[in-house]
Amino acid sequence: MPKPAILRPHAEETYAGELKALAKADKHPRPANWKLSPWAVATYLLGGELEDGTAITPKYYGSRRLIEVAIATLATDRALLLIGIPGTAKTWVSEHLAAAISGDSKMLVQGTAGMSEESLRYGWNYARLLAEGPSEAALTPSPVMQAMRQGRIARVEELTRIPSDVQDALITVLSEKTLPIPELDTEVQAL
Numbered sequence: 000m001p002k003p004a005i006l007r008p009h010a011e012e013t014y015a016g017e018l019k020a021l022a023k024a025d026k027h028p029r030p031a032n033w034k035l036s037p038w039a040v041a042t043y044l045l046g047g048e049l050e051d052g053t054a055i056t057p058k059y060y061g062s063r064r065l066i067e068v069a070i071a072t073l074a075t076d077r078a079l080l081l082i083g084i085p086g087t088a089k090t091w092v093s094e095h096l097a098a099a100i101s102g103d104s105k106m107l108v109q110g111t112a113g114m115s116e117e118s119l120r121y122g123w124n125y126a127r128l129l130a131e132g133p134s135e136a137a138l139t140p141s142p143v144m145q146a147m148r149q150g151r152i153a154r155v156e157e158l159t160r161i162p163s164d165v166q167d168a169l170i171t172v173l174s175e176k177t178l179p180i181p182e183l184d185t186e187v188q189a190l
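The numbers in numbering that gives the first Met the number 0 rise by one with no breaks, and the one at position 23 of the sequence shown is 22.
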């Protein structure tokens, strides 16, 4: 039996050819840990034609300035908050920014009213925790922690649904670029 087709592949899979062509054509400086330069990221989102004739399809139709500000914000190691009414492409833009910059849009935390701080920081494999006590092996990293360790972008969706105490924890991580792990007397610093 053939494997069923995925209904909506991730951006980095759907547009892999365009991302590869942009990486090949990209001669501009890149911030640390970026797969593409800010110029190439903007071209990927807004569309254009490369010198070799490769067409880059637009992923976003709207204000060029908004995309440029978003890219500049991320290039200066600051957190980016996309706000707007439902249906205005916030998730779409964030997915494509992550795909172009990190090559991976799957580091995602989906905000809910019942969300705990563990979802943003880290959790524990309780079987290992009981057997070994607190250890690196017993730690279960969140997408935010994984992104910090790998120098990638983590996306947090539906921030306004997240309880305020969990939002406070996120703000601390974003401002300090550090995620403390007091149980192990260590921390994760963003790359």
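Worth flagging that the hints you see were computed from the coordinates, not collected in a lab.
Treat the hints with care, as some may be off.
[Claimed, not checked] Derived lysine to any residue pairs resembling SDA-like cross-links, with alpha carbons at most 25 Å apart: (1) K89 / P3; (2) K34 / A88; (3) K89 / G113; (4) K19 / M0; (5) K34 / T56.
Does the alpha-carbon distance linking K89 and P3 stay inside the 25 Å limit? Violated. K89 to P3 sits at ~29 Å, over the 25 Å cutoff.
Agreement of K34 and T56 with the hint, judged by alpha carbon distance not exceeding 25 Å: holds, 19 Å
Going straight from one Cα to the other, do K89 and G113 come out at no more than 25 Å? holds, 22 Å
Pair hint K34 and A88, alpha-carbon separation not exceeding 25 Å: holds, 23 Å
Tell me if the straight-line CA distance from K19 to M0 falls inside 25 Å. violated, 32 Å
Hints 1, 4 from the earlier list are contradicted by this structure; the remaining hints agree with it.
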